[in-house]
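If you want the building blocks of each chain, they are given just below.
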Amino acid sequence: MNPRNYWRSFEELDQSEEFRQFAADEFVHRIPAEADAASRRKFLRLMGASMALAGATACTKQPKETIVPYVRQPEEIVPGNPLFYATTVTEAGLGTGLLVESHEGRPTKIEGNPDHPASLGATSPQMQASVLNLYDPDRSQTVLHDGIFDTWERFTAAFSGARDLAGLKKGEGLRILTGTVTSPTLAAQLAEFLEMFPQAKWHQWDPCGRHSDYAGSVAAFGAPWNTIYHFERAARIASFDADFLDPASPGGLRSTRDYTGRRRDAAQDPSSEFPRLYIAESTPSITGGMAEHRFRMRSREVESFADKLMSGNGDPYASIMKDLNAHRGESIVIAGEYQIPRVHALAHAMNQALGNTGKTVVYTDRVEANPMDQTASLAALAADMRAGAVETLLILGGNPVYDAPADLDFVGALQQVKLRAHLGLYANETAEWCHWHLPEAHYLESWSDARAWDGTASIVQPLIAPIYNGKTSHELLNLLLNRTDLSAHDTVRGFWQTQNKGADFEDFWQISLHDGVVAGTTFPDKTPPAANVPPASAAQQTAGIEIVFRPDPAVGSGADSNNGWLQELPKPPNKMTWENAVWISQATAQRLAIDTGDVVELALNGRKLQGAVWVQAGQADESAAIHFGYGRKRAGRVANGIGFNAYSVRDSKALWHGAGAEVKRISRGYSFATTQYTQNMEERDPFRVATIEEFRARPGFAQPEGEGVPPPNLTMFPMWQYPKHKWGMSIDLTACTGCNACMVACQAENNIAVVGKEEVAKGRHMNWIRVDRYFSGPASEPEMYFQPVPCMHCEDALCELVCPVAATVHSGEGLNEMVYNRCVGTRYCSNNCPYKVRRFNFLLYSDWNTQSLWGVRNPDVTVRSRGVMEKCSYCIQRINAAKIKAEEQNRPVRDGEIVTACQQACPAEAIVFGDLNDPNSKVARRKRQQRDYGLLEELNTHPRTTYLARLRNPNPEIGGA
Amino acid sequence: MPEFFPRFFSCLGVPRSLHSSYDPAGGLAGSSMKVPDPRVCIAVHDLFFRLTETIERQPHPHFESASRMQIFHRSANSLARVSIVAATFALTGVLWAAYRIDQGAFITDVGVAKDQPVPFSHKHHVSDDGIDCRYCHTSVETSAFAGLPPTETCMTCHSQIWSNAAILEPVRDSYRTGESLAWTRIHDLPDFVYFNHSIHVNKGIGCSTCHGRVDQMPLTYKVNTLYMQWCIECHRNPESYVRPRDQVFNMAYQAPSDQAQLGRHLVAEYNIQSLTDCVTCHR
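First to last, the sequence lines map onto chains A and B. Note that this note's numbering has the first sequence beginning at 1, numbered continuously upward. Note that this note's numbering has the second sequence beginning at 1, numbered continuously upward.
Chain A on its own, in the form it takes in the complex:
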């Protein structure tokens, strides 16, 4: 085994006494009793009184239940069997195809559409969680007029008057503000609107849209172009702050599939070149974690990095350039959204120079309708509003009052508008400042359409009628176009009727709906002109700390903040939940004499905010990263009042990083709720990694050897036989990027409860699969690794031995079963589990009272109550369903027929599940690879979940790799 030191925090790296104590606890016990709502004393006091009642309630009869059949049963519905419908979710305007599971008309689970190019079956954490927003009890439920309940009819009456008035002036003073629009139907409607009202204007603003990407292509080519990267064809990748593996980035799911697919193939096939990734970035991203060489620098220094790389002189630039040149036409230079347009132009020029254009990097037309510089567009709107030139403003979705750059003073300007109307999923901060607020239909309730990052169009098909009579943008546009009787469905269908060139529209329409993609709509590749690199920007201010703005890894830009699944999702680099923080490097923290948990005041361009500091390994020195999505005031009960609003110091002239900030401490002692520092497996070697050369020289590097390693199958008893099925899982760490999609997918599939920040801080988070993050190397330049850990389903499971009531036992197929109705909650099993994958319902975490949330539950999985242990079941409901189907058809279960929720969501195809008794199954073949190893195998637990060790391909010419 290669000697590597893994650490998860600076305290662990230093091995302080405080850390040792902390790590020794399974659950965090040093929380003062008074802070605990249900302390032991209080519990005992209450228990005395409730014992008698508890005894009595155990004897009650089952409550009366009713069965409510349909009056007219829809033909396709078979009660008890779910149906799947293709639809499309949009993120910052770009569409991703989905298949959504529906139980008797109730959407419960999001899956990716394997036929859609942006998904290929995968989903992002945000997509998985979007179904929870549908049922959110805090969603906007009624039309509001000046904050008071009103009706849609009265709104249309009021707004029609304003429209007709504006019509007399050819639309002067009438403005529409949307996010990024790729919907062909909406684009056609807007075009028609601008034709009808030539003086009216359409503004766009997406706080985390593709601003630099747009401006960069304009800078390079003089016109906007859309860039598509083919990572499956790239052997060498240089990334300038591009987080292209972020599943929320444009085409991110597809990039992940392509990039990790090549890595997986190359790990097995020596003839295939293992890809190598260089990245220059300021704040640790999951892409940085996958990189062979990560150059840590402030965001604004990436420009000079790119310049030096282009010149190819000096160390390490010469080595990188040499490497890229050796792979001409097989490499990618990619600039990230967080970089200035000039860096994008440099990347375009380098791709052309390296002969990548047309091979690994292709160009198409922009997929957005009416692409524009959105920052300028929003600034123009704000200026016009302030000048009194805007009489009527219609805001279609979005939340500019919350997320507009602070220097535009959007709220102040907005108040100069005579009639303001807002369409939104939530009555948010913007709704507060608008005369009218209209509840928007969730995408699972809407008819619409969207284009993917490569132009592929797909239809947004509703799975449920609008729960709160929400409206879509199409209906609002129809109101402006004086076609109030036209529904969103008819609008979208009508648009595609004009687009259909084939013979039969009905066939075309049904096929498009069924497949989830409109055939033949992918944009064709085009060749752009030679890229022009603008002159270097003037010498920038370098004093002070740089502030780096990023969408939050979990809640994104903040539009869907009110989502417990996302709030409780640990941020990949630090496993923090429920809030944002000011991430600074260790060196900077030492210089400023501040530490994790200090609350600082951060001043940038005269604007200030307060936030708690997190000292983050891998963060650039003299740089502080802050994330959007928090500091919400009117998001809902989940997100209100947590974290700070990073938009409040964002400047429209420097969207992604601002220089010259001051940081000063104002108090100490703030505590975060993180997940990986509790429940650990210390002093062991959970993660195994080797370079590709080491692997080729010693393929068995991942196998344990030396002292203390038991021979395989060491047991006094004969090994148990599993004659029928033998379920197992393999997780490829070479592919896993740590994006967390598996965690939310598991939560959605298995009805896992959200516990809240206080409970997370006590180590009581409930996720059945967690993604551990390890650092390796020095504290200043760490490598970052991710490892998903579900239940190992040990063949010799330690948990089973200690359960006094046999609530956790082994099945004949080798599953470690957890029987909720037997569990009495001793927690012995959790105590004895070396992997710490068992989760206990200390309190009644599942929300049994909020009726709207009942809809999201998977009817095939028990909703657990208080006092019950739970853990990963390998998605037993899916195993049973597939087995029953196969038995009824009198055939064996096919390989690949059972897909666990985590496996299905994974964009990297890192997780494979199947029958180990079938030697040709995908999982059996994976486990025969030499990289296969089991976690804590030395305990002789015989885990069914095993890992394929991580491989890296560092450049031998670059030191310190």
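Hints may contain errors.
Said to hold, decoys possible - For lysine to aspartate or glutamate, the following EDC-like pairs were computed, each having C-alpha atoms within a straight-line distance of at most 16 Å:
| no. | chain 1 | residue 1 | chain 2 | residue 2 |
| --- | --- | --- | --- | --- |
| 1 | A | K64 | B | D191 |
| 2 | A | K64 | B | D109 |
| 3 | B | K203 | A | E887 |
| 4 | A | K608 | A | D409 |
| 5 | B | K203 | A | E888 |
| 6 | A | K526 | A | E781 |
| 7 | A | K359 | A | E232 |
| 8 | B | K114 | A | E888 |
| 9 | A | K724 | B | D191 |
| 10 | A | K724 | A | E506 |
| 11 | A | K885 | B | E141 |
| 12 | A | K64 | B | D188 |
| 13 | A | K169 | A | E391 |
| 14 | A | K64 | B | D115 |
| 15 | A | K608 | A | E662 |
| 16 | A | K322 | A | E957 |
| 17 | A | K836 | A | E800 |
Simulated from the structure, these hints should not be mistaken for lab results.
Take the given structure of chain A and dock chain B to it, following the hints.
For chain B alone, kept in the frame of chain A given last:
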């Protein structure tokens, strides 16, 4: 019986604290209990004294000093013995009663017909009219849930026959308003149990095996407890219950005398597995 205990205890010697309120004329002060006949007291007292005499005559030398300053009345020994015997009987009785209640109709609802929006008679529809189970329970062969007929299914016939019957007003009302009928569940498994109709039906488990002679029920009730013990009985020995697939919907099917042999044959033919893993039903 209620009078037995005070009498019994008084004859064993009433504690001193009670002696003060002992009224020889009328019984315990403030109570309506009758004082037992002193002769009965003495007789019972003597009986117990004799029973215990042999042991107590020879005090162990170690306890000699203790026996001289005896705290409890001698009768306490008898009392202790009787209590032990009585408690054993009482506990057994309580357990027996609890078991009977648990297995009885009060808890299990076996044999109890419940209120329904319409007093639907399976007997009439199945036996008299000859309607197949699957005409209404359409998804029994394909889904976990057997399916309950939509109002529309009722109305296929009842728009023509009995179309004015007052008893069917809820059905017509449902059809008119679009409001579903809410039937009371008869076979109600706990929420942590996942039963699948289709696999049982496809493997040759007949309707009547679990649901009994529904075709003879004017009002529907369940005939089995649906307790896990009952499920497991078949899951352990499917050969005792399996029948040929073409007999699954035959309500009058009787197991043949050679069920043991037929069962073994069918279990092999249908590839029936004896699934007793917890996760077969619990997840």
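Going through the hints against the structure:
{"no.": "1", "hint": "K64/A <-> D191/B", "in the structure": "holds (13 Å)"}
{"no.": "2", "hint": "K64/A <-> D109/B", "in the structure": "holds (11 Å)"}
{"no.": "3", "hint": "K203/B <-> E887/A", "in the structure": "holds (9 Å)"}
{"no.": "4", "hint": "K608/A <-> D409/A", "in the structure": "holds (15 Å)"}
{"no.": "5", "hint": "K203/B <-> E888/A", "in the structure": "holds (8 Å)"}
{"no.": "6", "hint": "K526/A <-> E781/A", "in the structure": "violated (40 Å)"}
{"no.": "7", "hint": "K359/A <-> E232/A", "in the structure": "holds (11 Å)"}
{"no.": "8", "hint": "K114/B <-> E888/A", "in the structure": "violated (34 Å)"}
{"no.": "9", "hint": "K724/A <-> D191/B", "in the structure": "violated (28 Å)"}
{"no.": "10", "hint": "K724/A <-> E506/A", "in the structure": "violated (47 Å)"}
{"no.": "11", "hint": "K885/A <-> E141/B", "in the structure": "holds (11 Å)"}
{"no.": "12", "hint": "K64/A <-> D188/B", "in the structure": "holds (9 Å)"}
{"no.": "13", "hint": "K169/A <-> E391/A", "in the structure": "holds (11 Å)"}
{"no.": "14", "hint": "K64/A <-> D115/B", "in the structure": "holds (11 Å)"}
{"no.": "15", "hint": "K608/A <-> E662/A", "in the structure": "holds (9 Å)"}
{"no.": "16", "hint": "K322/A <-> E957/A", "in the structure": "holds (10 Å)"}
{"no.": "17", "hint": "K836/A <-> E800/A", "in the structure": "holds (14 Å)"}
Going through the hint list in order, the structure does not satisfy hints 6, 8, 9, 10.
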